[in-house]
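Engineer: Sequence:
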Amino acid sequence: MAKTIMISNEVYNELKGLKRDKSFSELFKDLLKSNEVKRVSGLMDCVGIMKNDKDWEKLEKERKIAWKNWTKKYV
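Start counting the sequence shown at 58; every next residue gets the next number (my numbering).
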């Protein structure tokens, strides 16, 4: 099913230049996938970054205490 969105002429022209021989739907899929890869790789760059840090154990203890003390229940 097709949907209509409104964008400025400036944005349209930039997207039109990026799309080349693709449809706009394909372009949006590619851009979203590219952004997802960037977010995941950015997160992976941070994973384990503090493992060797002096404060790691302290932060881990504080985190465990905070989870135990969390009383809000969401349904």
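Just so you know, these hints were derived from the structure itself, not from any lab. Fair warning: there could be bad hints in the mix.
Cross-link-like lysine-lysine pairs, in silico, DSS-like; alpha carbons within 25 Å at most [claimed, not checked]: (1) 95 / 111; (2) 111 / 125; (3) 95 / 79; (4) 118 / 90; (5) 76 / 90; (6) 129 / 118; (7) 121 / 111; (8) 79 / 90; (9) 95 / 76; (10) 73 / 90; (11) 79 / 60; (12) 121 / 95; (13) 60 / 73; (14) 60 / 76; (15) 95 / 115; (16) 86 / 60; (17) 76 / 86.
Keep in mind the model is a prediction, meaning the values are calculated, not measured.
Engineer: Which of the listed hints are broken here?
Structural biologist: 1, 4, 12 and 15
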